[in-house]
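S.K.: Use the sequences and the hints to build the structure in full.
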Amino acid sequence: PPPTVVVTTPAPTQEQTLPPQINHEAIFNSSSPFNHVIPANAVYTLDDRIGTFRTGYEEWARPIYRVPENETHPLVKVVNNYSGRTEYWPIPTYALPATASDHHMIVMYNNTGTLYEFWDAKWVNDGLIKAGGMISFDMSANGVSDPIWYRVNAAGFSNLAGAIILEDFIDPNTGQLDPNRPIMHALAMSLPFDLVQTGNYIDPAVGGEELGRAGRNGVPVGALFALPRDLDVDSLDVHPLTKSILRAARDYGLYLIDTNGAPKYQSKFAGALTMEPGLSEALYGIDNDDVVLPMQEEIYKVIKTHGIYRVTNVDFAYVNDGQDRQATEETMMRTALDTTATTQIETESTPVP
Numbered sequence: 001p002p003p004t005v006v007v008t009t010p011a012p013t014q015e016q017t018l019p020p021q022i023n024h025e026a027i028f029n030s031s032s033p034f035n036h037v038i039p040a041n042a043v044y045t046l047d048d049r050i051g052t053f054r055t056g057y058e059e060w061a062r063p064i065y066r067v068p069e070n071e072t073h074p075l076v077k078v079v080n081n082y083s084g085r086t087e088y089w090p091i092p093t094y095a096l097p098a099t100a101s102d103h104h105m106i107v108m109y110n111n112t113g114t115l116y117e118f119w120d121a122k123w124v125n126d127g128l129i130k131a132g133g134m135i136s137f138d139m140s141a142n143g144v145s146d147p148i149w150y151r152v153n154a155a156g157f158s159n160l161a162g163a164i165i166l167e168d169f170i171d172p173n174t175g176q177l178d179p180n181r182p183i184m185h186a187l188a189m190s191l192p193f194d195l196v197q198t199g200n201y202i203d204p205a206v207g208g209e210e211l212g213r214a215g216r217n218g219v220p221v222g223a224l225f226a227l228p229r230d231l232d233v234d235s236l237d238v239h240p241l242t243k244s245i246l247r248a249a250r251d252y253g254l255y256l257i258d259t260n261g262a263p264k265y266q267s268k269f270a271g272a273l274t275m276e277p278g279l280s281e282a283l284y285g286i287d288n289d290d291v292v293l294p295m296q297e298e299i300y301k302v303i304k305t306h307g308i309y310r311v312t313n314v315d316f317a318y319v320n321d322g323q324d325r326q327a328t329e330e331t332m333m334r335t336a337l338d339t340t341a342t343t344q345i346e347t348e349s350t351p352v353p
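Here the sequence shown is numbered in the working numbering, starting from 1 and rising by one per residue.
Worth flagging that the hints you see were computed from the coordinates, not collected in a lab. Be aware that one or more of the hints could be misleading.
[Stated by the list, open to error] Once the Cα atoms are required to be at most 35 Å apart in a straight line, the calculated DSBU-like pairs of lysine-lysine come out as:
{"id": "1", "residue 1": "K243", "residue 2": "K264"}
{"id": "2", "residue 1": "K301", "residue 2": "K268"}
{"id": "3", "residue 1": "K301", "residue 2": "K243"}
{"id": "4", "residue 1": "K268", "residue 2": "K304"}
M.R.: Laid out in structure tokens, this is it:
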């Protein structure tokens, strides 16, 4: 029967040793934008429209299923709802998409270094999955969609890139879980529709969000934000998880990957981060959904005092070698889902509150 929890590794304590698995710093290579600290010559510009950010609610999360090396699974037919593209992937039948309408899902094979990622996924039967978007990623590559129209979020990044996951908190020297370990990569963030430009995107993203409602003063998908370099995170009286997130937001930044339906907080826009279901429970014994609002308030106070900044003048040549990743009209042709739905590219995602 399907497991009752999404974190397939048992929730460990600091005294327990975890089974061998990949550490997050080893996910994706040095060409990934998520694996770079913000360079010294980057330009910071205050954006006072964003008042806070926090982790998202579990129903909108990206469940991760880690397939043990001793498991084998028959190939499942995976069909794209929009293009009809068909793949045959070894997806275990116990892997279940998130419950909210985005229906994201990630299946991780550490033994082959392969990720199978889905948006709007639905099991039709044990041998068939239909999805609005699906793509496989090599965990030794850069985590950017190739080809660019195979996407599971608007930006075209792997959903594991920038996600806060169990591997972030595994000490590579001991294999033990450390709830206070720093997150050593950039974070993935969604912003409300009214703040995101319609369809526009910049490097390192390879796609935009047609559901964005903002004009040219809005934020393009792929934009990088950060907290100020001189923010003394260690001195802040906040939860350890908030502290880890603030350090990552200061040192590596937050990439805009998609839109969300989050309400404003204290009259400001609120960002939502990607965090694995069950992670807060495994680390601190607190349900993921119970940390959302306290974290939102803690980060609001930090941003109110110190600000959040749009970061530019960052060289993304290491991501695409200077090649133009803008899609042609032909590859970005959109197909109507039905006679009443808004037309969608096969891989465009929906709101993530």
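S.K.: Failing hints, ascending?
M.R.: The structure breaks none of the hints.
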